[in-house]
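A.B. asks: Could you put together the complete structure from these sequences and hints?
Under the working numbering, the first residue of the sequence shown carries the number 6, and numbering increases by one thereafter.
Worth flagging that the hints you see were computed from the coordinates, not collected in a lab. Hints should not be assumed to be uniformly reliable.
Derived EDC-like pairs (lysine to aspartate or glutamate); straight-line CA-CA distance at most 16 Å [to be verified]:
| # | residue 1 | residue 2 |
| --- | --- | --- |
| 1 | 9 | 73 |
| 2 | 185 | 220 |
| 3 | 37 | 89 |
| 4 | 37 | 58 |
| 5 | 69 | 12 |
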Amino acid sequence: METKQLESTTGFVVYDLPGADNYVGQARLGAKLAPANAAMLVRHQTYVFAVLEQRRSGANLGLKVDPDQTADAVAAAANELAEEFSSQRLSVSPGLRLDHDALAPILAHDQRNSLLGDDRDGIRFEDELVGVGAVAAASGTRGSLDGARVSIEGFGTVGLAIAREAAAQGAVIHRISTSKGCVTGEFDVTTLTDAFMSAGAGCVEQLGKVGKPWEIYKGDVDVVFVGSGPGAMSGQGASMVGTTPVVAVGPAAISSKAMAVLRQQGAPTAADFVAGVGPALAWWSDSTSHDDLRSSTSSTVAALVEETAGHADGGFMAACYKAEAFMTTWQDILPFGRPLG
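C.D. replies: Written out as structure tokens, the structure reads:
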């Protein structure tokens, strides 16, 4: 993993694998950002590409400034890295403290499929594809979601996408959590949408009695989706789910300790870099059809889950082995560390 310091503003770019055709990741802003804190975000994206057998790599743009310096920092980075952005060697999307408007000078160079930015009943199509992949991973891991009760940790735009997809397959949304706490019930998609659109993370306060965030890991459901951030599921959280299938959605959402606990308990676990392949499939696609991209996401994830099922080390590790086997075809040395928080 290589870090390049910016000259025109305080910041850096992290590139994971040398010699990649493209580098893709998030742009993040904050005076205390450090390259090491982005490592698992970068590694997650590298494994997404590798499991799809694409010679691409994760990356991260960090702007180490205060929010009131956002416009100047983004403009400086857009100018300094203009050749990388315009050639598509480097592509970034909004991350911590940066939205699409703030990142506009950089996104002006972005030539990836514009369909990803389409509004789909309040969420971006890019997030919808992650939801499609997550539910396909859950269906493949469990067999069917019809009648299943599911929990969604870190409920946000991707969580809403998961809820919509899961409900369409007959699942019941039994529990959700945000930074404000956890709420349990039987939630229909319309109610969840209205609550989230009006209150964001505070939606749990509109949906019922709010409990502690860790209650999301209670094992009285059929699937737990995890995705609020790197290491969202700790060893303690993993111990609570028992043998309930877990689908990681956000980058490195499962910690190393949690992964060890899940394997010991025999809980089927789908990797975040499998569930989240949808955007990578769509970025350079010529398709102008939402349905086609949804279909390719679902079928690709289903095939990956089937291919990695039944491995003695579990589905998550089997997906790691598959990704790493491809990396060895064009990298002399494998990167140190898997996408675990």
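A.B. asks: Compare the structure with each hint and give your call.
C.D. replies: Now for the hints, and whether the structure bears them out:
Using a Cα cut-off of 16 Å, the hinted pair residue 9 and residue 73 is violated, with the two alpha carbons roughly 24 Å apart. Straight-line distance between C-alpha atoms of residue 185 and residue 220 comes to about 12 Å, which keeps the hinted pair within the 16 Å bound. A distance of roughly 25 Å separates the Cα atoms of residue 37 and residue 89; the hinted pair therefore is violated under the 16 Å criterion. Between the alpha carbons of residue 37 and residue 58 the distance comes to roughly 35 Å, so the proposed pair goes past 16 Å and is violated.
The suggested pairing of residue 69 with residue 12 holds, with an alpha-carbon distance near 12 Å, which does not exceed 16 Å.
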